[in-house]
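Number of protein chains: 4
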Amino acid sequence: MWSKRTDLAVEAKELWRENADKQTELKGVKSREKDSNGFKVTTVEILNDEGAHALNKPVGSYITIEIDRLVQREDNAFTLGAEALSSEISKLLKLKESDSVLVVGLGNEAITPDAVGPKTAKNTMVTRHLVEKMPDMFGSMRRVSVLVSGVLGTTGIESADFIKAVAEKLKPDHVIVVDALASRKLARICRTVQLADTGIVPGSGVGNSRAAINREKLGMPVIAIGVPTVVDAATLAADLAEQAGAKDINPEDMSNYGGDMIVTPKEIDTNVSDISKLIGYGINLALHNNISVEDINMFLS
Amino acid sequence: MWSKRTDLAVEAKELWRENADKQTELKGVKSREKDSNGFKVTTVEILNDEGAHALNKPVGSYITIEIDRLVQREDNAFTLGAEALSSEISKLLKLKESDSVLVVGLGNEAITPDAVGPKTAKNTMVTRHLVEKMPDMFGSMRRVSVLVSGVLGTTGIESADFIKAVAEKLKPDHVIVVDALASRKLARICRTVQLADTGIVPGSGVGNSRAAINREKLGMPVIAIGVPTVVDAATLAADLAEQAGAKDINPEDMSNYGGDMIVTPKEIDTNVSDISKLIGYGINLALHNNISVEDINMFLS
Amino acid sequence: MWSKRTDLAVEAKELWRENADKQTELKGVKSREKDSNGFKVTTVEILNDEGAHALNKPVGSYITIEIDRLVQREDNAFTLGAEALSSEISKLLKLKESDSVLVVGLGNEAITPDAVGPKTAKNTMVTRHLVEKMPDMFGSMRRVSVLVSGVLGTTGIESADFIKAVAEKLKPDHVIVVDALASRKLARICRTVQLADTGIVPGSGVGNSRAAINREKLGMPVIAIGVPTVVDAATLAADLAEQAGAKDINPEDMSNYGGDMIVTPKEIDTNVSDISKLIGYGINLALHNNISVEDINMFLS
Amino acid sequence: MWSKRTDLAVEAKELWRENADKQTELKGVKSREKDSNGFKVTTVEILNDEGAHALNKPVGSYITIEIDRLVQREDNAFTLGAEALSSEISKLLKLKESDSVLVVGLGNEAITPDAVGPKTAKNTMVTRHLVEKMPDMFGSMRRVSVLVSGVLGTTGIESADFIKAVAEKLKPDHVIVVDALASRKLARICRTVQLADTGIVPGSGVGNSRAAINREKLGMPVIAIGVPTVVDAATLAADLAEQAGAKDINPEDMSNYGGDMIVTPKEIDTNVSDISKLIGYGINLALHNNISVEDINMFLS
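Residue numbers (the working numbering), protein chains in the order written: chain P, 261 to 561; chain Y, 261 to 561; chain D, 261 to 561; chain W, 261 to 561.
Source of the hints: derived by calculation from the structure; they are not laboratory data.
Hints are all accurate, no fakes.
Since copy identity is lost for identical chains, a pair holds within one copy or between any two.
Listed below are the simulated SDA-like cross-link pairs for lysine to any residue, each with C-alpha atoms no more than 25 Å apart in a straight line:
(1) LYS537 <-> GLU326
(2) LYS429 <-> ALA471
(3) LYS526 <-> ALA472
(4) LYS431 <-> GLU357
(5) LYS424 <-> LYS477
(6) LYS526 <-> HIS389
(7) LYS290 <-> LEU352
Excised from the complex, chain P in its bound form (with noise of 0.2 Å):
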């Protein structure tokens, strides 16, 4: 059979759903929805290896925010929108007072839809070279530090080895990945983020596996935040082929339309840097303790 893929547990779950029985029930899986602030905030946990292989998801919690607001650039919504972010990121993260954390930003920075996580980067308040230097001045932050690790073709290196690397050097209490998700409906494409408290397998959305970036791998609590910015073409033909009703699909054939193309919003480069700023901003918020929006705009004029 050819296998649905997706990066979104809510999405995992749905395709669980059209290909199970009715009466079947999801075991080892959890889901619950919330409002914060306004946006939809949902979580899907995995409680074990049952859950973990309905999903074709690592067991963990995987949350889900609905930023359509942010989008539609409703009054607030931004500042709302990165509060929300970052009361989800504190939940998982649980730092203590001391904790010092690296913050990565994976993907290529020079094609679009694949910029979210060094674009984020950008958005983020580098602060461990300041705490170490000037702790009078900047002693009530934690300290954070932001890698960018650039792609295969452009280093030669893995992002996993390359991120275990400084890792080890810098021995962060935890890590935070960020970066392009794939997701199987346009109508999540720019329009949520996905938290994860199970790290990242990066370049899984657009067909490029590469060695997983998680706490097996790097020694210390990693987790994802992602966004779905493509739906790869072939999967797109294939959905809507199904539900116009063409019933014998064959997917090789799908996948000779569009095999190397992918759908993105007309205003994929708005919305690209819409999101990594509310991600940075959502980062910032929960690193650091009583610092607002607008602190954050003057830190990083």
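Position chains Y, D and W against the provided structure of chain P, taking the given hints into account.
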């Protein structure tokens, strides 16, 4: 009936064929194919109103060059392709010795698939000021000026009005406008260049129809050079669903999937850079006598 | 005698003072200082030909705002500075309710110290098309269009001719041109903004004198806004040597040191970004009634 | 005494000569000149502690190549210059067949005169992953990986620590670091390339001295390649005033003029691009057997 839109005359002809009775003859349109330096060149001539009505395009010549060999980076493909393009541009322009030319790059450089025009402008040799100020040194070249018209949202000025203002001042003998186009078929994206002696309606590919840029508007001959860089996702969806055997498609339903979405190659950044260079060099070779690709490299470096 | 050149009227006045007898009175020139929102504002008015000859500048008003507080990133300095600048722009423009304005960014965006014009253009609210197409929503704003004129080498067209062509088409009531300037004194680099109601001669600061952009050329009032971003290295060398007591300086010798060299701050990239934003916001506040810095943030984001 | 600082060994030697008695001999230092492909090559060898103390540089070989011909865009100068540079790099590296190399670009890409390192990285062929994954195709090349270390303010990590972490992971046989330097003389700015087998202290040219990147730090041989792109404005001022006959200069006074100012060529953007390409190609030619400039063009395009 839902109008199937395309910027390419070869596709308009295909669409007509799909919808017409098998026996019907397409009147008022002639087409022919040839090989030029190993590149396939198709010419569609719309001869009269009957042809114009059938293909929904103005009377004129439309030349399509297939550039797969360039994209696959075959040896020497760039020089051969630039020469093939130059040869077709020359036939449309019919330049006299002392003619001057204004080259206009349409589109938004900040949006990758829309950046063909501005990027071509950077690959075009600007000589007007050199010929006028240093005639001893540059007198053998034609006077070429270059305009990047920007987009309405960043100027407040319609491209057509902007170009008309500058053209009335400079009074060039010819205008060449370069723009990104939309295609219906994934296989043509970043794989063809269309030349037309009819001018252009900018943005027609992405649904923001604007004032035409043609001889009627500007008062001088206008050659358009266009490259399809996107397929509208709704168009693609409808086509695919149809092919998959879903006969009764409601196009309005389809546009729910991807109304604001576009389909592009994963390699769009590289593709747009390569093709913009090809077009710029093709223009340079056509506008100046006795120059080589190496001369252009030197001039532009 | 070696002409000491400066784009700033306040410096021209200083130079005159250095060279004149102590008793001589500078006739035909009035100047005054004031404080605006905590920023020092100096106005030099050249009243007649006698003053124009003495300072080597056209008759008109020249206003200099010292922006050290902005560069030092004092609290609230940006908003206070933009308001102070807006207030002076308003006095020079004397706008009527329905006036339209064309804002022109001069200079080369690819050369950091020359990028003030193009970068200011990006911080200017473009409203002409909105007011005309959506009068219900935007009817209370003035019609503002924006032009980035490019540089001769990349267009083949003189900026003055280019702007004249567009101004004749759009027929704005006022033109505002923004450009980088040269100063004689390091202390003024990126620390002052000069407004003038005399228009501008672009490139005068860096030795490539071009056609003037002023009321005579364009047929409508032209306000110039300029920022000194470089000191010519030869000028600096001569000044410094003089101060160091080397009385008999041969300026031609001096120009051997740095004839093609410029002096800029190490922080020039940040400085140019900050100041371009200040000027753009100052223009926006002056051109539209009842808008705030927050409104502009929202519009431009 | 006010220390006269320079990154270039040839200048350190000149400074020593200016300050020493005419009769004194510079001990512990040997130097020689030669021509290579029409480029002047000067080698200064610091042989022992006496020489190191005199020139204020570590013991080692310093090779300066004068590249005026490149900047003046003479015919074929690029290829000849890249070959001359490659030849000197080869002599310093003494590569074995299976050696691997890590190339590091130091500096801040966002600040033009500091961008030589990151821009050279983009002109370096990255082969490590290709050789390892496709040995049949790329097995004849050496394994080259590339690192752009970023700057402290955007990472929170010292470049030396960062490079050490990656070098310990990759275990290359050689490290090449590329950086912008400061010179004392305008005539050398963007006109010379210095190679040294001593490693480098990054940022030494602009007053932000950092931890050394050399064999002691990294545990493997480190070649440094540097280009002077700026003169410190205060240094220049003092030099010029001295030459103009102002004998009693107080250097602290002088630093009031331009303490935060740098002197660069007007054409710095073009200069830095050209030289970064030259260095990248010189490295490529030195690291791989039997490749040509055309091969590199193809690989990097």
